[in-house]
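Got chain A sorted already, so can you dock chain B onto it with the hints?
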Amino acid sequence: MSLGQSTTVQHESEGVRVAPHSLRPPMFLLLLAAVVVVGMLLPIAYLLLRAVAADAGIVQQVLRPRTLIVLGSTAGLALSVTTTCVLLGVPLAWITIASDMPGRRVFRVLTALPLVIPTYIGGYAIVSAFGPRGALQVVLGRLFGIEHLPELYGFWGAWLALTLFSYPYVLLSVQTGLRGLDPALEEAARSLGFGPWRTFWRVTLPQLRPSIAAGGLLVALYTLSDFGAVSLLQFNSFSRAIYIQYRGAFDRDYAAALALVLVFLTGLVLGAEIWSRGRARYHRSTVGVVKPRRRASLGFWRWPAVVLCSSVVLIALVMPVGVVSFWLARELQAGEPQRLVWSAAWNSMYSSAIAAGLAVAAALPVAILGVRFRSRWTAMFEGLAYAGYALPGIVIALALVRFASHYVPWLYQTLGLMVFAYVVRFMPQALGTVRSALLSVSPNVEEAARSLGHSPLHVTLRVTLPLIRSGLLSGAALVFLTAMKELPTTLLLGPIGFRTLATTTWTATAEGFFARAAGPALLIIIVSAFSMVFVLRDAWSDSR
Amino acid sequence: MLHATIRRALPALMMVGLLAACGAPATNGGAGTASAGASSAAGATTAGSANTAGTGGELTIYSGRNENLVGPLLEQYEQETGTQLNVKYGDTAELAATILEEGANSPADVFLAQDAGALGALADEDRLQALPDAILNKVDARFRSPEGEWVGVSGRARVVVYDSQTITETDLPDTIFGFTDPKWKGKLGWVPTNGSFQAFVTALRVLEGEERAREWLEGIKANEPKVYDNNTAVVQAVGAGEIQAGFVNHYYLLRQLKERGNSFGARNYYLKNGDPGALVNVAGTGILSTAKHKPAAEQFVQFLLSDVAQRYFAEQTYEYPVVPSIPLDPELPALDEIQSPQLDLSKINDLKGTLQLLQDLGIL
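Chains as they are written, first to last, in the working numbering: chain A, 1 to 544; chain B, 1 to 364.
Just so you know, the hints here were simulated from the structure itself, not pulled from any lab data. Check before you lean on any hint, since a few could be wrong.
[To be verified] Now the in silico label distances, taken between C-beta atoms and shown as ranges: (1) Trp156/A to Lys221/B: 18 to 24 Å; (2) Thr168/B to Arg64/A: 43 to 49 Å; (3) Ser164/B to Gly141/A: 23 to 29 Å; (4) Gln356/B to Trp377/A: 42 to 48 Å; (5) Val38/A to Glu210/B: 44 to 50 Å; (6) Glu337/B to Arg64/A: 42 to 48 Å; (7) Ser164/B to Gly72/A: 18 to 24 Å; (8) Gln60/A to Pro146/B: 31 to 37 Å.
[As the list claims (entries may be wrong)] Using 20 Å as the maximum straight-line C-alpha spacing, the simulated EDC-like pairs for lysine to aspartate or glutamate come out as follows: (9) Lys272/B to Asp344/B; (10) Lys352/B to Asp253/A; (11) Lys185/B to Glu151/A.
The beta-carbon is built from N, C-alpha and C at its ideal position, and this holds for glycine as well.
If we strip away everything but chain A, and leave its shape as in the complex, we get (with noise of 0.2 Å):
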């Protein structure tokens, strides 16, 4: 123990001062690690298990100058999408927790929105809004006789959507760093004359540099892995070049050598993510209450910030909730009977909540590890969790067909199984969050209750479980949102007969009934929004 103690603390010497006997990680915490990373893992030994029975040319045909290009443009669409998502849910994060604009608390539910609009609804609304002789041509036209706006399709068009769609994995990662930051700090740097924006570049910024990381990476990987905002959008990303081999060329092998070259690039952002969150401490020293947080003033600037507020909530969320009920509307005017979604709206929520509360559980045991027992080992653990995420729905769907419908066929097909499916797609969504209010508790605390005599698995029950909860919270939210949504898996790995809204709102759209697709669409969002409020009910008070 005292060799590999002493290496280990001189590495850590910047940041976090580790107790001797918490160096070793408890066994039953190391099992449940490694059996949730090796559910993550299963797609990605599916994808290696394809792209070694393929034959050899796989390997030039991968690497053609064209795949480059399309990987080239892809990590650039990644890259802007997650530097505006931080320029944009940062400030957000902040006005509407740490400033006295008017409304926030208003503002901090509806800003967070967003999230549930599925891509393939909002990608919709942008192009009738934007897109050519959409509505905001057709009024510039009236106004100005402007004939053609840029042109939205592409690059811009993927970006604008995905930036919309996808900054509040940022903002609410940040919300929840800033709820468990000291302010003690910050009012300490006022009172040694530091100004409120000198406070904030220099003691807020850096102090949430791990939430920002957090969300960051979500929103880096979410981009690389989506399909419904590029393809309607058509930008031609990564996963639509994985897509097309799958719908329109069945060759599974091709697909899953390029699948691999996306889990690469995925290594190359976990790396970058690593680098950015920093070595420092991030929780408090001192044990007690933290002190509830003094607004800052923003003086005349509250009315700039109402502005932006709105400007992001109308675009990101009653733009896309206007489409729909647009659709809505004509379905009652033409007198269609209202299709029956409760059963729906009731599968969709039972899955996701399990899947939501399974899928904070996994994270947990990956996350302590990470967190309270850092080594070379732990943070390859986090990193694996981590490796498939990026990879589009089909490639989980279909390596999960292989491996049930093989090794497991009982399982096939069932419930049980398509809820592992979202825990494989969502769990870092939770890592992420869990991982971030681990940060901000002080390992004291839990050794003070290890020193009371308390077993460690008592001690992670009874001390840190409490503790971190809104982090856990906020990680169970993000997964529930993100399996409401739910498509390929849902399809090719439920139950038969299991429709869920977003099956029934797929199955109305991809033939062109936009009208049926109304109502469950509708209740997504709905739904969602519902169960948003509850997870940010703590968000209506001000105290913390």
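Just chain B now, with coordinates in the frame of chain A:
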């Protein structure tokens, strides 16, 4: 106090989740495999009646055809025969890939596909079995696989949907190549991601050769067509006057006309003289080589070709029946009036080459 509640509730919630996830497969799995478990009573009748198809039994269908289109027909079949249909709906190509991944363990008995290409892909990997002559002989030879592994169930013609408020048929060219004329610049719409469009491009390559196909695609691309996500969007755009013409399947317009009445400002135009743009393709079906309920599957395919089902396709989805003597929707020209190209549908199977071409030209 809230802390205390959450502290107690959270582990409980997780346990519930675990239990639910572990418990569900046991019951569902039993029902799905038809032989054991909770549904033992139903299972017994299944085993007994599967051979004397017609009363009871069950059948697992993977349907790439939309539930909104075929759902009512399948329900009718269930009611009439007492057969329980377990239908998995999804995207045609994704379901085909699923069947390929499942291999011999596929629970599916029957595959209903949007296009012949997906059926061809399964046949190529020996995942479909030969159909009996009684089924094959019902369908015109041009609408089934030469090896007898799949049959067409309904036909769809490629058409040009045009803005009937500003132009008439006489303004339209006889051949699809006429649309590469610069006078169509900014007035066209297409759906390059659509399976039927890609099947048409494959047919174009087979009929006219690679060079001409490339020429056509480049010519259309030079006319800056509006790109849409699906065929309905093209038809709506033509009706709204956003574009003057679009390349789609014939039945999308008929649905719009039923929904919005005959004042809807768009009509179908059929290209002439065996032009590739007047291709008639099929949605079809095949029985898996690993089907566990073969007699029931054959009986179901027979039903799809029966007068009742064929009339359903003609009247409800506005497609062409593949069995002669079924009356058409009055809006539709008869199948033999369409001057479609002479082409064996199983020849349009090189989708990969088409995707390559579309990507090389920057269309996909």
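Going down the list of hints, with the structure as the test:
The hinted range of 18 to 24 Å is satisfied by Trp156/A and Lys221/B, whose Cβ atoms lie roughly 20 Å apart. Checked against the hint of 43 to 49 Å, the pair Thr168/B and Arg64/A passes, with Cβ atoms roughly 47 Å apart. In this structure, Ser164/B and Gly141/A meet the distance hint of 23 to 29 Å, their C-beta atoms being roughly 24 Å apart. In this structure, Gln356/B and Trp377/A meet the distance hint of 42 to 48 Å, their C-beta atoms being roughly 44 Å apart.
In this structure the hint that Val38/A and Glu210/B lie 44 to 50 Å apart at CB holds, the actual value being about 48 Å. At about 46 Å, the CB distance of Glu337/B to Arg64/A agrees with the hint of 42 to 48 Å. For the hinted restraint 18 to 24 Å between Ser164/B and Gly72/A, the CB-CB distance of approximately 46 Å leaves it violated. Take Gln60/A and Pro146/B: their Cβ atoms lie about 34 Å apart, and the range 31 to 37 Å holds.
Simply put, Lys272/B and Asp344/B have alpha-carbon atoms about 19 Å apart, close enough for the 20 Å limit, and the pair holds. Our distance criterion of 20 Å between C-alpha atoms is met by Lys352/B and Asp253/A, whose separation comes to about 13 Å. Distance hint between Lys185/B and Glu151/A is fulfilled; the C-alpha atoms sit about 17 Å from each other, no more than 20 Å.
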